[in-house]
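Use these hints to put chain L onto chain G, whose structure you have.
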Amino acid sequence: MNWRLLFERLSFLTIVAGLALYALWPWIPGTRAIPTRTLVVYGFSILGEVMSEGIFPAFQSEWEMRRGESLQFISSFAGSGTVTNQMILGVPAEVGVLSLELDALRLVKAGVLRGPTWRQLPYAGVLNRTPFIILVRPGNPKGIHGFSDLARPGIGVVHPDPLTSGGANWAIVAEYGAASRHSPDPAQAGYQLLLGIWRNVVAQAASARAARTQFENGFGDALITYEQEAIRDLARGRLRAEIVYPRSTIFSEHTLVVVDKNIAIEQRELVEAFVAFLWSDPAQSIFVKFGYRSMNETLNESNLLFGHIQDPFLIRDFGDWPQAKREIVDAIWKNRVLQEIGQ
Amino acid sequence: MKTRRRRTSRKTTGLLPISFLLLVLLPLLLMPLGAIYIFAARGGLGHFIRTFSQSDAQFALRFSLLIAFATSLVNGVLGTFAAYVLAKYRFPGREALSVVVNLPVAIPTVVVGTSLLLLWGPLGLLGQFLDPMGVQPMFAPFGVFLAHLFVTFPYMLGAVKPVLDELEATYEEAAYTIGASRWQAFRFVILPTLRGGLFSGTLLTFAHSLGEFGATVMVSGNLRLRTQTAPLYIFAQFEAGNIETANAVAAVLATLSFALFFVLLRFTQRRSQRVA
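The listed protein sequences derive, respectively, from chains G and L. Number 21 in the working numbering belongs to position 21 of the first sequence; there are no gaps in the numbering. Number 1017 in the working numbering belongs to position 17 of the second sequence; there are no gaps in the numbering.
If we strip away everything but chain L, and leave its shape as in the complex, we get:
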């Protein structure tokens, strides 16, 4: 009885703030997203097909997906390893290192792109020695990959490290007492507890890589059919006045992101239910 009354009273007093929130969110978030789909649909299905029959649109989408897959794979391993080392070992400079690995969240992505150019570009600190050898990581697919690794590094780390921090060292030690090797302890004791973190970390990395713009625009050289990712394609087409074409790709990208987010949401919900 008591609980029910509390629940109903919560509902009625909540009406005002809820409607206010919706009123704020409508023009801020919901309407712009709706506009993408409305504009994309305006040209009809024909326009969609026309856009995606162009090889540069197809390429941009494929290239973005490939980079996102590769980035999630490499940062999945690298991020987990970084989290493991940072959570497990105590060494001088550990605090500083944990700040550094999380820096990409705080640095503007355009600055990340610039810094990569200043290091690896043909005029850069290291690039000037590589260039005569014919090695040019920037303005090539590999440069885009490097930028995405940099920008999305903290997401895997952020998803995995809290789990490792909470993990009781005793389980791992118990494994050692029964003769497990370091790898076996990691594989059979630590990894299973990390599954959730790995999953959500990978999805976050994938989603961020798919939408990355600032760093990519600097390091890619924006070459159609070679380094132009889907967000760069959208921007270029929009600037050129081909709004419907830009929107068709934007709608696909937005749909993919929604799907990713939905999966992530369901997954975390299920986990919290299980924990409860």
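The shape of chain G in the complex, shown without the other chains:
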């Protein structure tokens, strides 16, 4: 008998068996309490943290107190456009939180939702909001004070990709609006600023969250993003950047959709309880704590880090999202700015 060979074989088998045991452990009866209920939530990128660390645990304990049932959240977070595409392809999302209403309208068009059902929810389905701001390197070495400074030659801008990111669409409308709102020739002024900024884009990421990761890893001089992203890190003393509040910028409004066709009858009550919870004061306070601005203005006073914006605007000021998409994102950014840069 070759003892060494035997030893090698035995140790190999032990490792394989150990790995299999580890992998199967939670499914071996008696090793843990299996959660009785699950809820599938898809959300746009920056929402991952507040949901996983704040909202989910809070609702889990509330549901357990109310019903005595343990609840497990099955969740996925990516760019708003990506999430929307996944929902159109048929992922089993019961609740979705999208960065912009435009994505929710795409769900209606694809037949995922019966109609604009979210408009019957509180605040027409807007869960929370946050203004768009500019993040710059510590000390603001390039002297950036507003969107117009981003168009200066020699500035590197990190921008999420409008194809997959809701935040990128908000950012484009923010840039356009900042230039056009008080201009005698709005369309031309907006076009000029977009062209200037997009000439300076050095990196594009699939989501707002990924764009920030790129910025943190040293790309560019400025990042256009949600205030929430920056506030959250500021609160924890982890922000290695400075927030620049543009004089004039947009408040993004994040839309919640309930995907009725994916909700089994026995899930209905749970989903409705969760949705109602999201607009309750405790849940909205969690959003505020994580840097989102609540639709309930009085709650916003508890977060002292929120900055002041002189001239805020909303998508409503451009009609609605379909109109803004058509007239700003498509007609000006996609058909003119991108063409011009591509040449």
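These aren't lab readings, by the way, just hints derived from the structure by calculation. Note that this is a predicted model, so its numbers are computed, not measured. Virtual Cβ for every residue (Gly too), placed ideally from N, Cα, C. Treat the hints with care, since some could be wrong.
What the hints assert, rightly or not - DEER-style ranges, computed between Cβ atoms:
1. G:W25 <-> L:L1073: 10 to 20 Å
2. G:W3 <-> L:I1018: 32 to 42 Å
3. L:W1183 <-> G:W27: 31 to 41 Å
4. L:F1267 <-> G:F277: 52 to 62 Å
5. G:H308 <-> L:S1055: 37 to 47 Å
6. L:L1073 <-> G:A124: 49 to 59 Å
Only chain L this time, still in chain G's reference frame:
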């Protein structure tokens, strides 16, 4: 005397190309791998424990292992069977079939994922009929399993078929002459010669399944605690800026792959020694 001189001369002339190779490989392969471990270790053991005390990290690793086990098992049997049929029988379209079964090596994995979605997804060719019945293979663990079967199919085949091709038909025929059934001939004559191929094929399948990303990201829906595999977890955490968390899982995955590779290497070395 002669042999020794040849050996030494080989050594000295080899110095330049060897150092050049190392110089190329260092930034290309060795340093990136080292970076994983350095970053993973930077947070200290505490960070490792924190990462693995999260249920989604644990789940991702477990789910990846389970899928890898299941894939190796099914493709082990299916791949061997395919190799047996292709090596043994002559039939029209055999050449075409051998190309087809090896295709997954050449197709980008993202395309594999897309094609599975277009077939089994709720809007897909077959999926649209299954969906009303409440059957949904995509965005579920089974969909991930299907994708891994597809992507890793050729590895088992590639390890087993060359052995079968070389196997003299006379042994098998001899078995038949003494009254062996087809199964007995397979079990006692063919299977023992295949052991090595089966072993390395299974390990390769396992390793590829463990690291599969492109097809999985398309078909899984990337759901934490349900369909998120370890590579998807790493990517999601990295994108979210949690680099240390991503690295902790990456280091475990890399270590597992190294271990697998080491076993495979030792095994093939031993075999070539035995043959020699």
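Can you list which hints this structure breaks, lowest number first? none
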